[in-house]
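Chains as they are written, first to last, in our numbering: chain U, 5 to 289; chain D, 7 to 343.
Check each hint, because a few of them may be wrong.
Stated by the list, open to error - These stretches of chain U come out as covered by chain D in the derived footprint (C-beta under 8 Å, 3 or more residues):
| no. | segment |
| --- | --- |
| 1 | 105 to 118 |
| 2 | 248 to 261 |
Claimed, not checked - Subject to a maximum C-alpha distance of 20 Å in a straight line, what follows is the list of computed SDA-like cross-link-like pairs (lysine to any residue):
| no. | chain 1 | residue 1 | chain 2 | residue 2 |
| --- | --- | --- | --- | --- |
| 3 | U | Lys-99 | D | Trp-17 |
| 4 | U | Lys-184 | U | Gln-199 |
| 5 | D | Lys-62 | D | Glu-44 |
| 6 | D | Lys-110 | U | Trp-29 |
| 7 | U | Lys-101 | D | His-19 |
No lab work stands behind these hints, which were simulated from the structure alone.
Yeah, the Cβ is synthetic: ideal placement off N, Cα and C, and Gly gets one too.
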Amino acid sequence: MRQRNLIPYTFLLPYLAVFALFWAWPILSSLLTSFQNTRVVPNTWDFSANWGRLVQDPFFWEALRNTLFILLVQVPLMLALAVALAVALNSQLLKLKGFYRFAFFAPVVVGAVAYSAVFRLLFNTQSGAVNNLLASFSLPPIDWLYNPTAAMAVIVITITWRWTGYNAIIILAGLQSIPKELYEAANIDGASPWQQFWSITLPSIRPVLLFCLVLSIIGTLQLFTEPFLITNGGPGNATTTLGVYLYQQGFRSFNFGYASAIAYSVALLAAVFSLLQMRLFGRDS
Amino acid sequence: MRARERWRSFWLHLAITPLALLWLAPLWLMLVFATLPETGIFSTPTPLVPGGEFMKNLQNLQADTNFLRTIFNSVLVSGVYTLLSLILTSMAGYAFARFNFVGKGVVFALVIATLTIPYFVVVIPQYILVAREARWLLAAIVLALILGALALGFSAWSQRLSRQAQLGGWAAFAIAAVALVALSLPSLGNLFAEVRLTNTYWAVILPALANSLGVFFMRQNFLAVPVSLLEAARIDGASEWRIFFQIAFPLVRPAMAALGIILFLTAWNDYLWPLLVLNDKEAYTAPVALGTLVGLTRVSWGGIMVGAVLMTVPFLILFLFLQRYFLAGITAGAVKD
Numbered sequence: 005m006r007q008r009n010l011i012p013y014t015f016l017l018p019y020l021a022v023f024a025l026f027w028a029w030p031i032l033s034s035l036l037t038s039f040q041n042t043r044v045v046p047n048t049w050d051f052s053a054n055w056g057r058l059v060q061d062p063f064f065w066e067a068l069r070n071t072l073f074i075l076l077v078q079v080p081l082m083l084a085l086a087v088a089l090a091v092a093l094n095s096q097l098l099k100l101k102g103f104y105r106f107a108f109f110a111p112v113v114v115g116a117v118a119y120s121a122v123f124r125l126l127f128n129t130q131s132g133a134v135n136n137l138l139a140s141f142s143l144p145p146i147d148w149l150y151n152p153t154a155a156m157a158v159i160v161i162t163i164t165w166r167w168t169g170y171n172a173i174i175i176l177a178g179l180q181s182i183p184k185e186l187y188e189a190a191n192i193d194g195a196s197p198w199q200q201f202w203s204i205t206l207p208s209i210r211p212v213l214l215f216c217l218v219l220s221i222i223g224t225l226q227l228f229t230e231p232f233l234i235t236n237g238g239p240g241n242a243t244t245t246l247g248v249y250l251y252q253q254g255f256r257s258f259n260f261g262y263a264s265a266i267a268y269s270v271a272l273l274a275a276v277f278s279l280l281q282m283r284l285f286g287r288d289s
Numbered sequence: 007m008r009a010r011e012r013w014r015s016f017w018l019h020l021a022i023t024p025l026a027l028l029w030l031a032p033l034w035l036m037l038v039f040a041t042l043p044e045t046g047i048f049s050t051p052t053p054l055v056p057g058g059e060f061m062k063n064l065q066n067l068q069a070d071t072n073f074l075r076t077i078f079n080s081v082l083v084s085g086v087y088t089l090l091s092l093i094l095t096s097m098a099g100y101a102f103a104r105f106n107f108v109g110k111g112v113v114f115a116l117v118i119a120t121l122t123i124p125y126f127v128v129v130i131p132q133y134i135l136v137a138r139e140a141r142w143l144l145a146a147i148v149l150a151l152i153l154g155a156l157a158l159g160f161s162a163w164s165q166r167l168s169r170q171a172q173l174g175g176w177a178a179f180a181i182a183a184v185a186l187v188a189l190s191l192p193s194l195g196n197l198f199a200e201v202r203l204t205n206t207y208w209a210v211i212l213p214a215l216a217n218s219l220g221v222f223f224m225r226q227n228f229l230a231v232p233v234s235l236l237e238a239a240r241i242d243g244a245s246e247w248r249i250f251f252q253i254a255f256p257l258v259r260p261a262m263a264a265l266g267i268i269l270f271l272t273a274w275n276d277y278l279w280p281l282l283v284l285n286d287k288e289a290y291t292a293p294v295a296l297g298t299l300v301g302l303t304r305v306s307w308g309g310i311m312v313g314a315v316l317m318t319v320p321f322l323i324l325f326l327f328l329q330r331y332f333l334a335g336i337t338a339g340a341v342k343d
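So that you can see chain U by itself, here it is in the shape it has in the complex:
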């Protein structure tokens, strides 16, 4: 039987080799790199070169502010909409379910580059579809991509379009696992649909909602493709996210040490938000 004991390792080995090389080691490596001055050859240990710069760097703070803004505005908006959609798609009153499901779920298969290109075109100032629509209601055109507030709105709208359906899919799966008896009992007791939503539906999907929240926050903290392609972080730095700033520092200036510090600040934020959520919402699950 001794031979048997080595068998699991042969199953694990190929995956673990890749995992060790491309995840486990890099996690440690980038932490070390963040404490190195990578602007000199050879690199030297310098505990304040990157982290010291980070706290004083106005561009970092602006990127952080932009990212947190999207996080605090877009994520709650999207999740509320996703819950509403999931409840609607789960309702027995809805006809043509296949059509509605396709409409809201289809963005899930569309790549970030493809829809970023489309949205850039839709929000074109001269004759983009959105300004054309505004004009048909006799509203003045908006300079979507070159006005700081409007550019931020474009990013928020784009991400909402792409990810609301995704979250609705997960929430819908959560809704479908709620026992029907609960609603039947509530009906007998004469509870209104609104009361049923607050006292049965919402508490039942809390774990799923928490999962969506964690994923959305980690995703938003790493937002890159949309601001990179739609607004290129602009105008000025109005839509520069932490992701775009990390790309600029790491792969335009090739300052790996500083980029690693930015990367770890994203990881720290993700950890803080995750802990906060567990404290706030995750008591008994």
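Keeping the supplied structure of chain U fixed, place chain D upon it in accordance with the hints.
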């Protein structure tokens, strides 16, 4: 009661229909724009009916960037990645689900912990590994291949596999080795001169193979396979590999399909990593090629929309027919049964 429900249904449809149309509008306009000349795309009011310029726009796109070549690259990279990742994650998931071994708890916790660690934390070391110090990477790959061969030989010896199974194993190993060399070919000269993997298919494929969600998902599915089936085979004297391939594997096929679809889609749409390690136009994947065009000022937007259509529409059609698998893959890990 009936009347009240009818009213509710009416209000529900009244609210959700405009929203659904709004959600479909970007995709519809993408299709329309792909078939219009430049003057049609930038006209007021926005055209809503397709034109007949699709082929012309495709030609423009081909002139701007060799897009069909990049589609070929994308198919190859995503296909090979999906296949390899399915094999690696299902083997690892099976090990975690079906065996007890020293270090299992720690290793599994480590793998799952990475689900909540932002990708940014590893992207720079990954880049250094692939684009700067690939000799270490190559050494590691050679080492892994040797270890893999040894493990295979060992299990063949210890399990007294049939001759066919042994031959099959070695054939698989040989194919993997040949594929490794072949996929590196586009810049093999480059590889030996500077020892970089930049602009190779492997540069795109390898790092993403450390996919921990797949391991978690496959573990869940292997846990659901009845132990009695596996035990029966074990008592009959079947080797562990045979139990895995001939009994456990067929039972989780729907899960594999769901995971495979999601893996392919993720690889197909991936942008940041290929952007970093591919800088030769001929090596671009489709998203990278399209992304470089979006930032240009003098460019055919009809062509860009054709590119977006070519990247998107096959998956929209697949989604229509295989929605079940897409949804199973997306909800992986979210809902505990």
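Right, here's what the structure says about each hint:
no., hint, in the structure
1, 105 to 118, "holds (count 14)"
2, 248 to 261, "holds (count 5)"
3, U:Lys-99 <-> D:Trp-17, "holds, 12 Å"
4, U:Lys-184 <-> U:Gln-199, "holds, 16 Å"
5, D:Lys-62 <-> D:Glu-44, "holds, 11 Å"
6, D:Lys-110 <-> U:Trp-29, "holds, 19 Å"
7, U:Lys-101 <-> D:His-19, "holds, 11 Å"
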